[in-house]
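Fit chains B, G and L to the given chain W structure using the hints.
4 protein chains.
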Amino acid sequence: MNLCGFEVGLEQPFFLICGPCAIETEKLAMETAAQLKDITSRLGIPFIYKSSFDKANRSSHNSARGVGLEAGLRILEQVKTEVGIPVLTDVHEDTPLDEVASVVDVLQTPAFLCRQTNFIQNVAQAGKPVNIKKGQFLAPWDMGNVVEKARAVGNQQIMVCERGYTFGYNNLVSDMRGLAIMRATGCPVVFDATHSVQLPGGQGSCSGGQREHVPVLARAAVAAGIAGLFIESHPDPANAMSDGPNSWPLDRLEELLKTLTALDQVVKAQKLLENSL
Amino acid sequence: MNLCGFEVGLEQPFFLICGPCAIETEKLAMETAAQLKDITSRLGIPFIYKSSFDKANRSSHNSARGVGLEAGLRILEQVKTEVGIPVLTDVHEDTPLDEVASVVDVLQTPAFLCRQTNFIQNVAQAGKPVNIKKGQFLAPWDMGNVVEKARAVGNQQIMVCERGYTFGYNNLVSDMRGLAIMRATGCPVVFDATHSVQLPGGQGSCSGGQREHVPVLARAAVAAGIAGLFIESHPDPANAMSDGPNSWPLDRLEELLKTLTALDQVVKAQKLLENSL
Amino acid sequence: MNLCGFEVGLEQPFFLICGPCAIETEKLAMETAAQLKDITSRLGIPFIYKSSFDKANRSSHNSARGVGLEAGLRILEQVKTEVGIPVLTDVHEDTPLDEVASVVDVLQTPAFLCRQTNFIQNVAQAGKPVNIKKGQFLAPWDMGNVVEKARAVGNQQIMVCERGYTFGYNNLVSDMRGLAIMRATGCPVVFDATHSVQLPGGQGSCSGGQREHVPVLARAAVAAGIAGLFIESHPDPANAMSDGPNSWPLDRLEELLKTLTALDQVVKAQKLLENSL
Amino acid sequence: MNLCGFEVGLEQPFFLICGPCAIETEKLAMETAAQLKDITSRLGIPFIYKSSFDKANRSSHNSARGVGLEAGLRILEQVKTEVGIPVLTDVHEDTPLDEVASVVDVLQTPAFLCRQTNFIQNVAQAGKPVNIKKGQFLAPWDMGNVVEKARAVGNQQIMVCERGYTFGYNNLVSDMRGLAIMRATGCPVVFDATHSVQLPGGQGSCSGGQREHVPVLARAAVAAGIAGLFIESHPDPANAMSDGPNSWPLDRLEELLKTLTALDQVVKAQKLLENSL
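Residue numbers (this note's numbering), protein chains in the order written: chain W, 1 to 277; chain B, 1001 to 1277; chain G, 2001 to 2277; chain L, 3001 to 3277.
No wet-lab data here; the hints were simulated from the structure. One or more of the hints may lead you astray.
[Claimed, not checked] Derived BS3-like pairs: lysine-lysine, alpha-carbon spacing no greater than 30 angstroms straight-line:
id	chain 1	residue 1	chain 2	residue 2
1	W	K271	L	K3258
2	G	K2268	B	K1037
3	L	K3037	W	K271
4	B	K1271	G	K2268
5	L	K3258	W	K258
6	W	K268	L	K3080
7	G	K2268	B	K1268
8	L	K3271	W	K258
9	G	K2055	L	K3055
10	B	K1258	B	K1037
11	L	K3258	L	K3027
12	B	K1271	G	K2258
13	L	K3268	W	K271
14	B	K1055	W	K55
15	L	K3268	W	K268
16	L	K3271	W	K37
17	G	K2037	B	K1271
18	B	K1080	B	K1027
[To be verified] Non-contacting residues of chain L with respect to chain G, defined by C-beta distances greater than 10 angstroms in every case (computed):
id	residue
19	K3080
20	G3208
21	Q3210
All C-beta atoms, glycine included, are put in the ideal place defined by N, C-alpha and C.
Bound-form chain W, shown alone (with noise of 0.2 angstroms):
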């Protein structure tokens, strides 16, 4: 699959998507931008700069939501048209989303969101590829439904992601056997390596994560196989207006990126053994 014009799939390079959970400021939004350019200029990852305008489904109504539909659109444009980067955002069951489209080069749908029929398939008539986040609560191989849904509108740019899934209360685990079930889908498949350490809830009025886990996570995923990996990153994750605790530290962001590309090579380098069994 073409992705915002370079190649994606088990036999590239893995692409990342990747920046700071919330568009807090302008300054923020284009200083990251330009620092994750580089990075990933230097070890060769195609890149697709993510943030979000509008937090829809906070743990509690008291937290912070972000800048807002309007001035997060006009900050995406400028770190696409600036920097020179393709733009993800999230879009959630009121977003405008042909406004959206008109900016953005990839739309993110969120998990919880992963089975509204209508919200998937307006979303895939928008025209962009769209990242589907796969619930919390799906089982891998009922992500077949969920794409078929989306291509039924026309549209066969699409990617799944895994978030991880629900194990017990206020925690998520990450099957890595999924990410090899979710190929039979034909997309895409990316790993979201940030909100797979999310501890649901587990802060009372937000949620809780494990930023630690997120190396070891990514490691696993980017061995196992995947096409893309997400990973929220911020210069200063204890400030972050949201997901700060599983968000990556920046100026750790490069080290990480780069045990990952040569783990990515040496998977690449081969066929998958479990498709010749």
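Only chains B, G and L this time, still in chain W's reference frame:
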């Protein structure tokens, strides 16, 4: 709390939300409504008729979705006025809420959408009592945050509903502890005995279900202590448009309710010990 | 099935297995046994006294393990003959089974050991009724194989006991469906309301527990329909040697049992609907 | 830690525990041992031969259990002396430990038995290195207590082994975070790629398995960072006496190990980022 003219809570007999999963035809709706009114009148059970005009989150986009908004509301209105019973229906991310709220007595929000802040608040703002289904991925104590969102827009008539929790792949488990834990929200707690026995995605392109566990779980939940009970019932479950495998046969409903009513009386005849340790 | 002189099964009132988790002192054992005999006599509940001489699988090797085999059996014998009630104790991988079987009326096997073929068969061969606890990792339908192992050595007096199923880390869930599913073994099904509310390993070097959920789960299980109920009770749970956090206060037991007995009568007054669909 | 003459740990290449699940015949044992020695020598992988003389916890008592203690030990001794490789076998609740310890180089304890204090301490006291499999019901941080029990009797050569965690009914999940978490025990962490793809009880009277996920999980675990890897391999898995469905074909082992070795080198070439946050 007063709901549709009857008092509900742990000091009152349980109220029943019941009907065929989907509004299939006017005839089916009117006939089942009349029968259900008869049965519940005989047993002294406060009753709200439930049926859906749109199945908005089916496993596959090839499955039937229902009669649609216009026909659905017309039929629900007919049930309400001609049979003389309150009616409930579920709304979705793109439902015209005011239109639905102008007809039905109670709105219900789907489990998958319980974390969508705007959606929950929009539904709560429609000014009707709301039955909020707990997500299959949400710990019982995390419903506190959800209820707060709904109350924040001024609606005090909120119910919380357990409908099974993610338990490995393609299965749900009903944690009876959760029914007691959710009392801390201050809301009437409802147990959905129908969707709790769903096997999500269990039949490939649609969900399976285990009807034989409906009485087991309903008895258990009533004995655990609940304000309300939700059961989908159909005169011919094998040919139901939706959720047939976990639908309860209408001709077996009265005997089920008799046992449940007797259990309810026993439990509510004395103080719940868990509250006085 | 006849057990210790009383008939047990879904057509009979539930029998109760109860006592302090561990045999702490002769005094505690004799006093609790006498009190429990009084309470259950008043309520007409067939009763078996339970207490352990050795806690063989504690979280940490620093925790107290009990009075040991010799003193334990002496005390159980005293309870049996002086109070005049049948007694049950649990045995472990290295327990001298014949010695224990010469004293107690019922043997119990620990959940962790339910898959050890030799152990299960050795216990079954000791010639006493056996209460086999289902592993925290075993599906209810998989108890069929376990029961077959026990019956294969000629023991037909086998009971199966639910005590909670692994649910994420450090938590258990009680699947009430399992109580109905295990009826297919042909064995009386027992629900252990004490260990089902354990939080395994939840306090670092020992397990935690949620005593407040004992009545909730006990009511639910009795209403689901069981042959027997297992509850550990202690006059001073806060100072119990073992399993204090999930032990039920002895002075609150009678009111709990009253409700449970009334629920049991309601459920068993008619046919279980799940059996006649 | 020094194990069988080679250093093991996160600064060393992973060591491999491998062999057919059960000792079926002397011929099979000698042939597979020789082949495995060849393969691992070529790849520079420290190797320990594994095979079981008794399958003591099979789903059904009708399943084959193996050649038994006497024949098993004779064959393992032959493998050890004639092929010249260290051997490991698993012991059970009633195994004569000294007899086994007089032959094998490493003892292994079954997952189901990880909480049996006496058993763990008896095995540790036999004076050989011990590979302790983590129970399918035990959180990774709770292995600390288990290791302490083993060390308390004076054995410092303890390994901890992940083999999948209970995930709903008849399924296991491998939480890669657990591999990092168990490093806190100070023990070499081993990943069992064979039993992690077991479907417990999944075929009615025996467990199923998903051999195709062995390479996926093995790659993921090696990339997460482990000291040792456990894989059962058989020249003819379809006809293996035990665990065939999750056994890896011997003729595909070398290509699998090549990839794993390359991944291992990448991961261990730099510091693990999770340790320096």
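Original post:
Which earlier hints turn out false for this structure, listed by number in ascending order?
Top reply: Hint check: 6 fails alone, others pass.
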